[in-house]
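Asker: Read off the chains here:
There are 2 protein chains.
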Amino acid sequence: MKAAVMGYGTIGSGVVEVLQVNRESIAKRIGEEIEVKYILDIRDFTGSPIQDKIVDNYKIIADDPEIKIVVETMGGVEPAYTFVKEMLEAGKHVTTSNKALVAVKGAELLQLAREKNVNFMFEASVGGGIPIIRPLLSCLTADVIEEITGIVNGTTNYMMTKMSQDGLAFDEVLKDAQEKGFAEKDPTADIEGYDACRKIAILTSIVSGQQVDYEDIPTEGITQITAEDMKYAKAMGRVIKLLAVSKKTKDGYTVRVAPYLLKSSHPLYAVNDVFNAIFVHGNVLGDAMFYGSGAGKLPTASAVVADMVEIAKNVGKNLPVEWKPEKLILSDPGKMQNRYFVRTTDQKESIEAVFGNVEYVEVPDISEEIGFFTDAMTEETYEEKSKQLSKIVQMIRVI
Amino acid sequence: MKAAVMGYGTIGSGVVEVLQVNRESIAKRIGEEIEVKYILDIRDFTGSPIQDKIVDNYKIIADDPEIKIVVETMGGVEPAYTFVKEMLEAGKHVTTSNKALVAVKGAELLQLAREKNVNFMFEASVGGGIPIIRPLLSCLTADVIEEITGIVNGTTNYMMTKMSQDGLAFDEVLKDAQEKGFAEKDPTADIEGYDACRKIAILTSIVSGQQVDYEDIPTEGITQITAEDMKYAKAMGRVIKLLAVSKKTKDGYTVRVAPYLLKSSHPLYAVNDVFNAIFVHGNVLGDAMFYGSGAGKLPTASAVVADMVEIAKNVGKNLPVEWKPEKLILSDPGKMQNRYFVRTTDQKESIEAVFGNVEYVEVPDISEEIGFFTDAMTEETYEEKSKQLSKIVQMIRVI
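Protein sequence lines, in the order shown, are assigned to chains H and D.
With the working numbering, the residue at position 260 of the first sequence is 260, and numbering never jumps.
With the working numbering, the residue at position 15 of the second sequence is 15, and numbering never jumps.
Looking at chain H on its own, in the form it has when it is part of the complex (with noise of 0.2 Å):
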């Protein structure tokens, strides 16, 4: 079976390692052996082993009826988009690791798929080489699934983990993440949250088998993170995690990126370093997790290939996926129900008389302030009250 690869960046150079490095177990599992008949990329490969499967024409890969899968691991909406939708229209299958291009494009690459009886898979577009999409599609299929909470993004999780455990600054850590390669030269995506917010995108599409736009969801980052909220954090046997939540509540799906602060017995407060999970409440599974490596070489690429072996053993028929291109409206944010844990150097008297009996938390080393767990009240609850105080110095919400 012959396949082409579209961008030889990490994740696509990645695929043609495991296609070769596991090539006899793949061969095995689907009758055949995958071949990597062309990269597309435009680069110059001179000397390259790879040199002579180059072209920097993606027509060649539409046009040549050979090819059976195109896998996408470019990045980014365009010309990726372009280029897939060609792919499709050509009556091959496609598998991709971006993310920006299935949060935006999913639900219509999908019923393109459908249309010409082949398939548009995107596992490794969410959790790296956790599978998450597949179990999500085909084995969580008896429940209601009620909560999805990720930590999927591991640059991020990395600097938490890094600040939490040794007690560094923002800025420090995010250099050390830059110099191990962990953080990008321009780190926005990660550390402002907008990456995370393009896989929650996904998920909830997924499950609610409507598209979510992610621009409707509310983000935030860890920059406002600082080496006393974690201080604050290890007082309490908690840790600060940048957390991808979608609920499903009565009112519909309710979707946020944020810093939270998780309490020891949640299953995600042990996911450190560049690991990724996902938390998943089905009404009937109860409480799981899928945990694994979030991102990476090999490990992304892993997912990848996976896609293509359930290609290959489904050539000739369309896996029906539930993501229709209606948008689906989220509930007000505003409506969310959380408690927060607020920093103040605000008198005790005062944030009584706004929040009623609290919760008091105090750290030896940090004076002149206190810290706070208010009761569980929605967010416009908490903005209204909040601007009652005048010396806040940070919120983080509580899981």
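Calculated from the structure, these hints are not laboratory results.
Be aware that one or more of the hints could be misleading.
If chains are identical, the list can't say which one is meant, so a pair holds when it fits in one copy or spans any two.
Taking lysine to any residue pairs in the SDA-like style, the calculated list, with each CA pair at most 20 Å apart, reads [said to hold, decoys possible]:
| hint | residue 1 | residue 2 |
| --- | --- | --- |
| 1 | Lys28 | Asn283 |
| 2 | Lys28 | Lys248 |
| 3 | Lys248 | Glu24 |
| 4 | Lys324 | Ser25 |
| 5 | Lys231 | Glu172 |
| 6 | Lys327 | Pro65 |
| 7 | Lys324 | Glu24 |
| 8 | Lys85 | Thr345 |
| 9 | Lys231 | Asp171 |
| 10 | Lys297 | Gly286 |
| 11 | Lys53 | Gln224 |
| 12 | Lys317 | Ile30 |
| 13 | Lys250 | Glu24 |
Being a predicted model, the structure only gives us computed values, none of them experimental.
Got chain H sorted already, so can you dock chain D onto it with the hints?
Answerer: Relative to chain H, chain D alone:
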């Protein structure tokens, strides 16, 4: 689509409940409703709402051409085997939660299902509600699976957690587990590791593609674990868990069920109470873990019903599973490498004469004995060396 449930015990009644509770969402997924037409049970259900579905002869189900899916939740090898075989021969799809049946007859029943162009599914037989069979068969397919290590028995994990957290003795926690309904009156299958043994046999069969006989797996339960062992574990920042371990080495598969000392950085460390989790290491994926409710009425029924959904989406098609009846010869368990934690009243001089420079562990309120870690060595070597010490109190493997 008409279905039948054989055995209306905890899981069987859970299946009927899940089909009822999530009737709408399940019908939406498969395009039609699943209706339970028969329930096979020899007990009297006079006055129960399911009374009119009860049949006491499995032939009624086998002979009814309307029945497409049969659920087997009776447990035990016979008569479940006879019934399931006849259902497959009659062209009906079967899903089971019965690990005893799957461990012994899985390969044969899969082969029969293939001949009859139907499916034999058993997601619920390992890990209860945790998706693990289908992820291994259709998600982690790009990898060579090099290790599966599971906490796959909820009863013993509850007991180990309770002993660890409350400092109780084995007999006390067993009594507590029985009172809470987490352990059966005859707890042998759980506490002696027989249940975990069958589950790791199934998982190893799935990844190796051959029949693993559970009788070949060295199996120790938790009956020898004491409150003193837990004190040592705590002092080391470790926990003791009953693990089912399956590793692929250059000499083949090596499998064992035994209590192990886990360090705090291991993903299974924080899996407490009745929860189960299965850690998987793939050669390109790296580490992954699947966590959730490993037992219980609704979680297990959730997995059975998910199989029914998968079957309903694939009526008229056999989804091939590689599990040949040829017996897999496991590699010599004596060659398995481990570190060992040993408690003894021997003198340090004697210990060092046998094991060299070891790492000692002393616990303040346990006097007159000492604990130590050996270096990594084969089981055979440890056996031989340990015979040279006369006063060993306990040995626990280290992971």
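Asker: Evaluate each hint against the coordinates.
Answerer: Right, here's what the structure says about each hint:
no. : hint            : verdict
1   : Lys28 x Asn283  : between (38 Å within a copy, 16 Å between copies)
2   : Lys28 x Lys248  : between (41 Å within a copy, 17 Å between copies)
3   : Lys248 x Glu24  : between (43 Å within a copy, 16 Å between copies)
4   : Lys324 x Ser25  : between (36 Å within a copy, 16 Å between copies)
5   : Lys231 x Glu172 : within (16 Å within a copy, 39 Å between copies)
6   : Lys327 x Pro65  : neither (35 Å within a copy, 42 Å between copies)
7   : Lys324 x Glu24  : between (38 Å within a copy, 18 Å between copies)
8   : Lys85 x Thr345  : neither (56 Å within a copy, 72 Å between copies)
9   : Lys231 x Asp171 : within (17 Å within a copy, 41 Å between copies)
10  : Lys297 x Gly286 : between (33 Å within a copy, 11 Å between copies)
11  : Lys53 x Gln224  : neither (46 Å within a copy, 61 Å between copies)
12  : Lys317 x Ile30  : both (15 Å within a copy, 17 Å between copies)
13  : Lys250 x Glu24  : between (50 Å within a copy, 16 Å between copies)
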